[in-house]
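Visitor: So the protein sequences, as listed, match chains U and L. All the letters of the first sequence, read from the start, carry residue numbers 1 to 497 under this note's numbering. All the letters of the second sequence, read from the start, carry residue numbers 498 to 639 under this note's numbering.
Heads up, some of the hints might be wrong.
Calculated lysine-lysine pairs in the BS3-like style (CA-CA distance at most 27 angstroms, straight line) [stated by the list, open to error]:
(1) Lys127(U) / Lys581(L)
(2) Lys130(U) / Lys581(L)
(3) Lys234(U) / Lys420(U)
(4) Lys581(L) / Lys152(U)
(5) Lys224(U) / Lys420(U)
(6) Lys127(U) / Lys152(U)
(7) Lys47(U) / Lys289(U)
(8) Lys309(U) / Lys219(U)
(9) Lys400(U) / Lys234(U)
To give an idea of the interface, some chain U residues facing chain L are shown, with a C-beta separation under 7 angstroms as derived from the structure [to be verified]:
(10) Pro38
(11) His70
(12) Ile72
(13) Thr74
(14) Phe79
(15) Glu81
(16) Val107
(17) Tyr123
(18) Phe124
(19) Asp125
(20) Thr126
Source of the hints: derived by calculation from the structure; they are not laboratory data. On a predicted model such as this, the values are computed, not experimentally measured, just so you know. Backbone N, C-alpha and C fix where the C-beta goes; we use that ideal spot for every residue, glycine too.
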Amino acid sequence: MSGVTAGDLLRAYCGAFKRRAVAEITELFADDAVLDLPLFDARVVGKAAIAAEIDTAIRGLKNIRVVLEHTIETGSEAFAEGVFYADHIGIHPLVDGTPIRLDFRFVAAVTANDGKIVRWTEYFDTKPLKPRERTHLYPISRRSAYWEGTVKAGVSEFMVYNHTYMPLVFHHSPAEEYVALTERVTLWDVGGERQTQIKGPDAVRFAQFLTTRDLSKLKVGSCKYTLACDPLGKILCDPVLLYPWENVVWLSHGDVDLTLWAAGAAIHSGFQVEIDEPDVQPVQVQGPKSLDMLRGLVEASLDELGFYKCVATKVADIDAVISRTGWSGGLGFEIYPLSSVHAMALWDALVEAGRPFGLMVTGPNVFRAVEVGVTDTAYYSNSGMNPYEAGHGRLVDLEKGEFIGRQALRTVAAEGARRKTVGLFIDGELPNLEWYWPLKDSHGGTGEVRWSVHSFKLNRNIGIAIVDSALQPGDEVQITHQAGIARAIVTQVPFVD
Amino acid sequence: MTIRTQLDAYRDAFGRRDLTAAMALFADHAVFEMPLLGQRLFGKREIAAGLERIFDVTEFAHIELSRAKESTNVVIAEGRLRAKLHRDAHSLDIPLAVVLECKGNDITRLSTYLDARRYRLWADGPLFASTHAAAQLSGVAT
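Extracted from the complex, chain U is given alone in its bound form (with noise of 0.2 angstroms):
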């Protein structure tokens, strides 16, 4: 028999939390204990996954402090009284400045057998630490097919995105949703994320005018990350383009009426297209997991699947192109279900399938997406931004033949860019990216961070930036933001591999 008590064990527990001491916490436990936390949506079974949900709680918190009021403890068993204080890490303060803190009352019910916890369970109640309920709706947005499935799981927060509530937002806390992207499987409603359909016998000759790269060996299956730009050279927005039939072209946009700008362009011009909005809603799948998950459920191969290929097929037995394409840098498949009719039979499916994988519903997840250097349209938008300053030069192909925007780009790859795209180290705590913040370097050159992030694989801000084309790595810039000025170090793109 051990000589340590059940109250021994929920002071070191106490005390190893406090100093953020994951793997001392672990040792704490019996191999088969069981851990029962009002912030976590299940029983936790076993000393691995205690110790791997212990892992993913102390990565989103930062300052922490247990205090222990009462403790009685008799036989094998101990119950305490405490507070708990913690820092939330990517979780930015209300716009007054209020933090948004992780500090509740809580009683601890500790079973010991051993010398080991075979029971921790703790009552508190979450609603004070989560986000509310979903905030307040306008009819004159839509909302997206999945709807009652996000609502189901938790969102509280959207942003407007192609004239449609994207959840973004949901009850889990940033560093959860972190770790279920990078090593499990989430899944996003994006039915905000809308495709311009091109469909006639000069579909792919209109997307090689609309857009920037070289579609001239464009085949059916095939996906390809593109842009599309104003007469000027600017970017209107960098779509996914989709070539899932013989003479249908999607272009899946972010938040831009690129539909009407397409529609307004092929008027008049000699191309035999017809330009519209299908009632098609994606959903992601993005995780390591993510092919694992939708192996049984999708009737063609996706093993097969290579990067940036689509195929029109059945996912759940519902009519569906799926791409191997997404928005997390990582393994990920985007699906298309043809008509919004079945979107929620879709979504329960794929909801059922990721269960033994751990899948977690969220929004797209901007933590990662800034570390590897995913941007979207909200980099671009209102920015006058050119290709070539966006870091995508690449992407333009000016000997492929007209399309809209060439002249200009032309001049500017002749001329070279002005400004450029880069990676920001960034010192100290920062609001809320609400607007983009302007940024000045040590030779007066102005830019603007346009991305700004807490990195949980290199714990510590990050942002990517706009600025003088001069300006290297290891540069020092003045950042403005609504909470002061901080420091920032010039560094590349993307963050992590």
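For chain U, the structure is supplied; the task is to place chain L on it using the hints.
Guide: Showing chain L alone in chain U's frame:
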């Protein structure tokens, strides 16, 4: 009366919806915490109004205790809250812990720990609107 007896007496009065018996257990300036009420209650008048609100909106509400540890002045217990609100089709069954502190024979603090996030609060409504009866019970003029 031991502190565990106090806890059992409160549990029984709560389950019987016996406001008078429940209130007789509290000190005048007691603290009462119950997440489903949405706020901390101070003193007999507020506590009586809170309990009255619970009884008003529920068909039944029971606290079941499975384990308890006690010291001289504090008892901490685990259990479940089972309740059904008039407005809901289904009853609630929520894991909970209760911490009760006493001074002499009076409860000075009763804190209930449970996760209320998945539930619309009992306090969705005028918590202190029906305080007349509660005030009479606690002897405070309205």
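Visitor: Could you work out which of the previously given hints the structure breaks and list their numbers from low to high?
Guide: Every hint satisfied by this model.
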